[in-house]
Amino acid sequence: MRLVRRLRGIFCRVVNPIARRNDIEQWSEIVYESGCDDPLAVERISAMNSEEIVESSDSNPSLPVRRRTYQPVWLLGIGILGAVGFFFFQRPSNTDSGGGSRRQAAPQAMPITVATAQKGDIGDYVSALGYVTPLNTVTIRTRVDGELLKLNYREGEIVQKDQILAQIDPALFQAQLTQAQGQYDRDKALLDQARVDLNRYKEAYAKNAIPGQQVDVQQATVRQEEGTVKIDEGQIASARTNLLYTTIRAPITGRVGLRQVDAGNIVHAGDSNGLVVITQLQPITVVFSVAEDYLPQIQQQLRRKQILNVDALDRTQQKKLASGSVTALDNQVDATTGTVRLRALFQNKDNILFANQFVNAKLLIRIEHGVTLIPTAAIQRNGDRSFVYLVKPNQTVEMHDVTTGTTEGEVTVVEGLQPGDVVATDGFDKLQDGVKVAIRNGNESENRSDQGGKAQEKRGDEQGSAK
1 MRLVRRLRGI FCRVVNPIAR RNDIEQWSEI VYESGCDDPL AVERISAMNS EEIVESSDSN
61 PSLPVRRRTY QPVWLLGIGI LGAVGFFFFQ RPSNTDSGGG SRRQAAPQAM PITVATAQKG
121 DIGDYVSALG YVTPLNTVTI RTRVDGELLK LNYREGEIVQ KDQILAQIDP ALFQAQLTQA
181 QGQYDRDKAL LDQARVDLNR YKEAYAKNAI PGQQVDVQQA TVRQEEGTVK IDEGQIASAR
241 TNLLYTTIRA PITGRVGLRQ VDAGNIVHAG DSNGLVVITQ LQPITVVFSV AEDYLPQIQQ
301 QLRRKQILNV DALDRTQQKK LASGSVTALD NQVDATTGTV RLRALFQNKD NILFANQFVN
361 AKLLIRIEHG VTLIPTAAIQ RNGDRSFVYL VKPNQTVEMH DVTTGTTEGE VTVVEGLQPG
421 DVVATDGFDK LQDGVKVAIR NGNESENRSD QGGKAQEKRG DEQGSAK
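This note's numbering applies: residue 1 is where the sequence shown begins, and numbers increase by one.
Cross-link-like lysine-lysine pairs, in silico, DSS-like; alpha carbons within 30 Å at most:
#1 Lys349 with Lys319
#2 Lys230 with Lys188
#3 Lys202 with Lys188
#4 Lys392 with Lys430
#5 Lys305 with Lys320
#6 Lys320 with Lys349
#7 Lys320 with Lys119
#8 Lys119 with Lys430
#9 Lys319 with Lys305
#10 Lys230 with Lys202
#11 Lys119 with Lys319
Okay, the calculated beta carbon distance ranges per label pair:
#12 Asp192 with Gly264: 46 to 52 Å
#13 Arg440 with Thr407: 22 to 28 Å
#14 Arg303 with Asp433: 49 to 55 Å
#15 Thr407 with Thr247: 56 to 62 Å
#16 Ile307 with Leu244: 41 to 47 Å
#17 Arg440 with Lys349: 42 to 48 Å
#18 Pro111 with Gln318: 25 to 31 Å
#19 Lys150 with Thr407: 56 to 62 Å
#20 Gly409 with Pro111: 25 to 31 Å
Treat the hints as calculated values from the structure; they're not laboratory data.
Predicted model only: the values in this text are computed from it and were never measured.
Note that the Cβ used here is the ideal one computed from N, Cα and C, for glycine as well.
Modelling step: build the complete structure from the supplied sequences, incorporating the hints.
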């Protein structure tokens with residue numbers, strides 16, 4: 001009733017100003033039918049009834065009387081009245097039918113992603129900073145002096161063993177070889193003549209034609225000529241070797257660096273910089289240091305001839321560059337750092353490792369078999385306490401304490417859970433004991449834990465086969 005009276009008052013205030021003498025009949029009908037009790041409206045109707053309002057023309061009194069009509073105005077008032085009524089009657093009620101208190105909305109389930117604990121294998125790794133060290137690095141130097149005629153390589157390319165790298169002017173050494181060969185021919189002829197004379201002297205001595213001293217002198221002459229011929233042979237070999245040295249070849253297969261000297265220069269055997277440096281890339285090694293605490297485990301596996309796998313990672317530790325194995329353990333611990341150095345060999349088939357490049361080395365110490373694995377993102381910490389939000393069968397969560405172990409990538413070993421347990425992996429800021437949850441994208445999170453366990457199982461199988 002209060003609402004009805006309010007609407008009547010609004011209607012009267014809206015339509016009261018539009019009342020006119022010429023529409024008194026319509027106005028009276030509207031007012032009385034609506035039950036308007038506004039004194040101003042009633043008074044206005046009485047005044048309209050007491051006088052007749054007409055409109056005449058001064059120029060032509062015979063024109064018919066016209067009543068003024070204001071239908072658009074009072075129709076606007078009726079429209080406003082209808083809009084106000086619609087607003088009040090359509091507004092939702094905050095109370096129930098019994099006039100009780102405001103209704104409480106039912107709590108909604110919190111959407112979360114989950115993961116299922118898996119049983120699998122995981123590797124225990126030791127991370128260390130290492131640097132790439134080539135097995136062989138050779139500085140190419142000339143062995144003879146002379147003019148550098150040409151270089152037969154491009155900087156930075158891979159050269160093969162015995163490939164020609166440079167050419168020294170061979171003219172001088174060819175002349176020396178010719179001279180040595182001529183000297184040899186001369187001395188060889190003298191030796192042959194001395195041997196003929198010796199045989200003749202021996203025959204004469206047998207007939208007592210000459211004294212024995214003459215035979216002895218000729219014997220010494222033969223030996224002297226034989227020595228001269230040997231000297232000539234050595235000079236020939238030396239000249240031939242120097243001539244070979246004028247053609248410089250690669251002693252190993254590897255990558256050549258930037259050239260140290262250009263063609264046209266006079267090079268010497270004593271030049272410190274040399275011509276170019278060749279670095280062997282396949283295979284290549286990585287030297288890294290680990291804490292001495294890991295020595296017993298490393299030595300035990302090396303004594304058993306077991307392979308210690310090593311992964312070389314980039315600076316961000318996200319991308320694996322190459323995989324290799326430990327080949328050597330240093331013979332002493334660095335007293336300053338408490339670490340020991342190891343050398344790992346990498347085949348480096350893609351030449352992705354460069355000499356003196358810094359890498360992150362991950363050494364696989366051991367493999368844990370049959371452990372419970374969950375995504376690392378599911379583990380929450382509060383001081384020294386580690387816990388997860390365990391999803392119960394009734395779709396509520398509870399805080400569950402766990403003990404964490406080895407972490408590898410996005411997977412962590414935990415104790416306190418059983419394979420098949422479901423844990424939350426996000427939405428932790430809104431979770432607490434007893435909160436209702438709705439699982440979304442559960443398969444993706446479960447696959448993350450499952451794939452992590454399978455990857456570790458595969459790695460364990462590979463290491464087992466290597467043993």
